[in-house]
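Quick mapping for you: the protein sequence lines, in order, are chains H and C. This note's numbering numbers the first residue of the first sequence as 1 and each following residue consecutively. This note's numbering numbers the first residue of the second sequence as 1 and each following residue consecutively.
Because the hints were derived from the structure by calculation, they are not lab data. In this text, all values refer to a predicted model and were calculated from it rather than measured experimentally. One should not assume that every hint holds.
A few chain H residues that don't get close to chain C, going by computed Cβ distances all over 12 Å [claimed, not checked]: (1) D40; (2) Q171; (3) T221; (4) L228; (5) F459.
Calculated lysine to any residue pairs in the SDA-like style (CA-CA distance at most 25 Å, straight line) [what the hints assert, rightly or not]: (6) H:K242 - C:E260; (7) C:K440 - C:L418; (8) H:K242 - C:L358; (9) C:K306 - C:Q153; (10) H:K242 - C:R129; (11) C:K155 - C:L367; (12) C:K155 - C:R129; (13) H:K242 - C:A328; (14) H:K242 - C:Q153; (15) H:K242 - C:L367; (16) H:K242 - C:T362; (17) C:K155 - C:G66; (18) H:K242 - C:L389; (19) C:K306 - C:Q8; (20) C:K306 - C:V80.
Just so you know, even glycine gets a beta-carbon here, dropped at the ideal spot from N, CA and C.
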Amino acid sequence: MSVDVLTRTPAVLKKPFVFSAVVYLAMAVWFWHSDLVPGDSASRAANAWYTLFSRDPHLAAIGFVWNPLPSLILLPFLPLALIFPALTQQGLLVVLVSAALMTATVAVLHDVLRRSDVPRTARLVLTGAFALHPMIVIYSGNGMSEACFLLCLMLAVRALLIWLADGRAEQLVPLGLAIGLAYGARYEALAPVAAVPVLVFLTTFARTPGDRPRRIALARTDAVLAGLPGVLAVILWALAGKLIVGQWFATFSSQYGNSAQVSANATGIGSVTGDDLPGRIGYWFQQMIGLAPLFVLVLVAALVMAWRRRDPRILAAFTVLGSVLAFDALAFLSGTSFGWLRFHITVIPLTVLLAGHLIAARPRPAVVPVALAAALISIPATLITLGQPALAREESEWLTADGAARTRGLTLVNRQVAADLDAMALPEGAVLTDAAYAFGIVLASDHPRQFVITPDRDFAAAVADPAGHGVRYLLLSAQGAADAVRLRAAPTLAPVQSWHDARGGLQWSLIPVP
Amino acid sequence: MNPGFSAQVVLSRMQRAGLIVALVLITGWAVLFPMAVLQTLVAIVTVAYGAAIVFRVVLVWASTRGEHLIRVSDEEARAVADHDLPVYTVLVPAYREPAVIGQLMSHLGALEYPADKLEIILLLEEDDRETIDAAAAVVTGGHVRILVVPESQPKTKPKACNVGLEQATGEFVTIYDAEDVPDPLQLRRAVVALRRLGPSYVCLQAELGYFNVDQNRITKWFALEYATWFRSLLPGLVALRMPIPLGGTSNHFRARELRELGAWDPYNVTEDADLGIRLARSGYRVGVLDSVTLEEANSDFINWIKQRSRWYKGYLMTWLVHLRSPRATVRQLGWRGILCLNLFVGGTPLAALLNAVLWATTILWFLDRPPIMEEIFVPPFYYLGVICLVFGNATVIYLNVLSARTMDRPDLLGTALLSPGYWAMMSLAGAKAAWQLVFKPSYWEKTTHGLHLPKEAVDVG
Numbered sequence: 001m002s003v004d005v006l007t008r009t010p011a012v013l014k015k016p017f018v019f020s021a022v023v024y025l026a027m028a029v030w031f032w033h034s035d036l037v038p039g040d041s042a043s044r045a046a047n048a049w050y051t052l053f054s055r056d057p058h059l060a061a062i063g064f065v066w067n068p069l070p071s072l073i074l075l076p077f078l079p080l081a082l083i084f085p086a087l088t089q090q091g092l093l094v095v096l097v098s099a100a101l102m103t104a105t106v107a108v109l110h111d112v113l114r115r116s117d118v119p120r121t122a123r124l125v126l127t128g129a130f131a132l133h134p135m136i137v138i139y140s141g142n143g144m145s146e147a148c149f150l151l152c153l154m155l156a157v158r159a160l161l162i163w164l165a166d167g168r169a170e171q172l173v174p175l176g177l178a179i180g181l182a183y184g185a186r187y188e189a190l191a192p193v194a195a196v197p198v199l200v201f202l203t204t205f206a207r208t209p210g211d212r213p214r215r216i217a218l219a220r221t222d223a224v225l226a227g228l229p230g231v232l233a234v235i236l237w238a239l240a241g242k243l244i245v246g247q248w249f250a251t252f253s254s255q256y257g258n259s260a261q262v263s264a265n266a267t268g269i270g271s272v273t274g275d276d277l278p279g280r281i282g283y284w285f286q287q288m289i290g291l292a293p294l295f296v297l298v299l300v301a302a303l304v305m306a307w308r309r310r311d312p313r314i315l316a317a318f319t320v321l322g323s324v325l326a327f328d329a330l331a332f333l334s335g336t337s338f339g340w341l342r343f344h345i346t347v348i349p350l351t352v353l354l355a356g357h358l359i360a361a362r363p364r365p366a367v368v369p370v371a372l373a374a375a376l377i378s379i380p381a382t383l384i385t386l387g388q389p390a391l392a393r394e395e396s397e398w399l400t401a402d403g404a405a406r407t408r409g410l411t412l413v414n415r416q417v418a419a420d421l422d423a424m425a426l427p428e429g430a431v432l433t434d435a436a437y438a439f440g441i442v443l444a445s446d447h448p449r450q451f452v453i454t455p456d457r458d459f460a461a462a463v464a465d466p467a468g469h470g471v472r473y474l475l476l477s478a479q480g481a482a483d484a485v486r487l488r489a490a491p492t493l494a495p496v497q498s499w500h501d502a503r504g505g506l507q508w509s510l511i512p513v514p
Numbered sequence: 001m002n003p004g005f006s007a008q009v010v011l012s013r014m015q016r017a018g019l020i021v022a023l024v025l026i027t028g029w030a031v032l033f034p035m036a037v038l039q040t041l042v043a044i045v046t047v048a049y050g051a052a053i054v055f056r057v058v059l060v061w062a063s064t065r066g067e068h069l070i071r072v073s074d075e076e077a078r079a080v081a082d083h084d085l086p087v088y089t090v091l092v093p094a095y096r097e098p099a100v101i102g103q104l105m106s107h108l109g110a111l112e113y114p115a116d117k118l119e120i121i122l123l124l125e126e127d128d129r130e131t132i133d134a135a136a137a138v139v140t141g142g143h144v145r146i147l148v149v150p151e152s153q154p155k156t157k158p159k160a161c162n163v164g165l166e167q168a169t170g171e172f173v174t175i176y177d178a179e180d181v182p183d184p185l186q187l188r189r190a191v192v193a194l195r196r197l198g199p200s201y202v203c204l205q206a207e208l209g210y211f212n213v214d215q216n217r218i219t220k221w222f223a224l225e226y227a228t229w230f231r232s233l234l235p236g237l238v239a240l241r242m243p244i245p246l247g248g249t250s251n252h253f254r255a256r257e258l259r260e261l262g263a264w265d266p267y268n269v270t271e272d273a274d275l276g277i278r279l280a281r282s283g284y285r286v287g288v289l290d291s292v293t294l295e296e297a298n299s300d301f302i303n304w305i306k307q308r309s310r311w312y313k314g315y316l317m318t319w320l321v322h323l324r325s326p327r328a329t330v331r332q333l334g335w336r337g338i339l340c341l342n343l344f345v346g347g348t349p350l351a352a353l354l355n356a357v358l359w360a361t362t363i364l365w366f367l368d369r370p371p372i373m374e375e376i377f378v379p380p381f382y383y384l385g386v387i388c389l390v391f392g393n394a395t396v397i398y399l400n401v402l403s404a405r406t407m408d409r410p411d412l413l414g415t416a417l418l419s420p421g422y423w424a425m426m427s428l429a430g431a432k433a434a435w436q437l438v439f440k441p442s443y444w445e446k447t448t449h450g451l452h453l454p455k456e457a458v459d460v461g
């Protein structure tokens, strides 16, 4: 009758995914030890760091250009950095956290396969096809937001699958929350925020008996339950941005945001991906085939099988992961995205889950090996793709010798700048710099309070009148297209010091304030 | 009953002394360090408020894990032979309700229980001739009798119930209000359930619902609130093995244990909630029975405020009464019971009261941004406060949507989304309750019933 809830453990937690945890941990340590922690990861860590340890610690310092969840997750662990400075100064924390999140993603994916009635052996092989997919392994260890995003999406898939199977309204709550959280990780979650309530509405409408008004009313309520957290996440994040930095959607409107970066780099992107639609479609196909060559085949076969068996559960993965995939495809094809390989990362779990549905529908000797092979072939295909810098532009910056040297070089320059400034023993607020570019330096410094940075509430005033605010030096990036300090606090004096990368390219210069 | 548990005196001598000393200390401190006092106050309020919200979410979550309603099917209920049924006493306290007495007889007549095992006692007040006359005109069956409660103070519903319990002959006892429409099988279900659960259970609370949900927005809000209360919060308390504050009617007791416990506190204006805590302190358990009694939802704004302020006042009273000897309470209730007592019994009215203050503060902030507020809200508590404001409100609205869905009333979706309007009403009631607790602690705000009836039929004192 009454069950003590505190003694029950969810089945997911009982299965230790020790193997993938070890692999991901090794990957994380490799990224950290090779000084290859990507700028995107370091900047998320820096955003969290500012809220506690900058000159002006406040929560809004987390920034509004990037969605906050990947930084918020780090907050509870940041005080540990006082004991182990490498956690933040060298980016160790952020890669460890992404490894943990990706391990959890593997556990949830395995549970989804179990709930889709995939037999045990096939389930383990498919879990392996996801867990050991090179893209998943790389993004488990590099600290970027993909692991956090995939975990949220996979939790949404799981909740939606359970709801499609049993129809209990309570399951819409974890579904809604997972989608809301996913928006906290990446703005691509806009796609499931829109798509999932539509699916829920149609499903309830289709499978509820009774008269039409009642079916519509129930469907509407279910759609609200599934959609409200996501919609609120979008509204509240926009509202907070508007109230604090004056922009509803800083990702799109800020000079540091995604849209600004894409337009600033449009020529560079176009030269690789093609400027016109046919060119972009070709590039997109190459990337998709490179990540999951038999995706379309598995998709069609699984949908046909599901349709024959009238089994709606396949729609869980199809809607949640497929909508993100479609969103990124549209963004790229319309020329508003970088076209990174990782923007198609959801095709990896989607292929695995679809293969699972196929096996569950036809667990026969003729079908199982083919479906497994279709999922597994993604691994060698991706290994080949990752060797092609034109398709894997970001990844080649860590995986090829040239790229790794460039990435490491930038990290080392940042550390050198930080060390040189620390050696000058400057007072609090003596160096004015734009944290959108200098985050690596601020993070690496032993004295972060010497910097006046973008999230500080007196930043604008300091840019307008550096000397009046006790600023003694301006730290200017050579490459930052929107460096507010370089563009607005027009320097007049010659630099007292400048820093170059290994190839002699100017990276940073320090200008005295008269 | 043990006078230590009575709300005749709201604050015990020790509590009064403690309160005075605390007030003097705080005042002195506030004169010396006004900002520090304000900051501390804000910090305490914020943490308590956040804890109450988290507690609520945990309850709802716990209620969805496993089965915590006690279900007895129609077949099981009817399977007990008449001669195996115990004598059941139904107490029906009524005051100045001549209009609903006629209906009462037909609703209680629908109970499927052998007449020779059923004892229905109408508890009417001596000065209420109208209702006594109306009842005398309709009482026919030998198993229904009128008991006129002699005039004495306090003139409250629990006092009347105590008088009724003295004369009750049943092995089991329950209470219905005059306008209640109980599930006809409820008594049989209670008998089966209590026998099945064994002697550690001395009480079952049946679910309360409303027959006039669609009358207006207030009744819709009220219905949604009760659905959350009986389908989520109370089962959550059961799941976490916490005390259950009983609802006003449809609680089914073993009569002997109820008498031993001293029955109802005539001075407490929510004697039902208080009894729930006392049951827990005596080591008894309470179950929630899956059987609905339909009541009349309060449809009138003023009437609603009166009723709600009485409930809040009673909850505050109950809270204070059980904090009199904290060590004994901790020993008897354990940490779970203490959490429930503070966050649920004390927390419900205090949160209603605080809501108004906190919203006013928020509006003031957006209109004027007075710098002093930045000083009062120290960062960690400021963030906690923002989280409560944003996520707390959103969470409760969301849970109300869920209730509308799980009670299969999707037409209440709009009502759920408009919940903040209901909270404003709660704040008013909370303020009235706090004021009354100080100046008129035992005053019983009478709720007018029969507002769902056509105008000419209503005749209330």
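Results of checking the hints against the structure:
At the 12 Å boundary, the C-beta of D40 (chain H) stays outside the reach of chain C, the nearest C-beta of that chain being 26 Å off. Annotated as non-interface, Q171 (chain H) brings its C-beta within 12 Å of a C-beta of chain C; the closest such distance is 9 Å. Against chain C, the non-interface label of T221 (chain H) is violated: not every CB pair exceeds 12 Å, the least being about 4 Å. With 12 Å as the threshold on Cβ separation, the claim that L228 (chain H) sits away from chain C is violated: the shortest Cβ distance comes to roughly 6 Å.
The non-interface label for F459 (chain H) is consistent with chain C: the shortest C-beta to C-beta separation is roughly 18 Å, beyond 12 Å. Taking the CA atoms of K242 (chain H) and E260 (chain C), the gap is near 63 Å; set against the 25 Å cutoff, the hint is violated. For the proposed pair K440 (chain C) and L418 (chain C), the alpha carbon gap of about 33 Å is over 25 Å, so the pair is violated. Among the hinted pairs, K242 (chain H) with L358 (chain C) is consistent with the structure: their alpha-carbon atoms are about 22 Å apart, no more than 25 Å.
Restraint check: the Cα-Cα separation between K306 (chain C) and Q153 (chain C) comes to about 21 Å, which is no more than 25 Å; the hinted pair holds. Simply put, K242 (chain H) and R129 (chain C) have alpha-carbon atoms about 66 Å apart, too far for the 25 Å limit, and the pair is violated. About 48 Å separates the Cα atoms of K155 (chain C) and L367 (chain C), which puts this hinted pair outside 25 Å; it is violated. A C-alpha spacing of about 15 Å is found between K155 (chain C) and R129 (chain C), which places the hinted pair at or below 25 Å, so the restraint holds.
Simply put, K242 (chain H) and A328 (chain C) have alpha-carbon atoms about 52 Å apart, too far for the 25 Å limit, and the pair is violated. Taking the CA atoms of K242 (chain H) and Q153 (chain C), the gap is near 60 Å; set against the 25 Å cutoff, the hint is violated. Simply put, K242 (chain H) and L367 (chain C) have alpha-carbon atoms about 16 Å apart, close enough for the 25 Å limit, and the pair holds. For the suggested pair K242 (chain H) and T362 (chain C), the alpha carbons sit about 17 Å apart, so the restraint of at most 25 Å is met.
With a C-alpha separation of about 43 Å, the suggested pair K155 (chain C) and G66 (chain C) falls outside the 25 Å cut-off, and the hint is violated. Our distance criterion of 25 Å between C-alpha atoms is met by K242 (chain H) and L389 (chain C), whose separation comes to about 18 Å. Between K306 (chain C) and Q8 (chain C), the direct Cα distance comes to roughly 21 Å. Compliance with the 25 Å bound is thereby established for this hinted pair. In summary, the hint linking K306 (chain C) to V80 (chain C) is not supported, as the alpha carbons are separated by about 42 Å, beyond the 25 Å threshold.
Violated hints, listed in ascending order, are 2, 3, 4, 6, 7, 10, 11, 13, 14, 17 and 20; each of the other numbered hints is respected by the structure.
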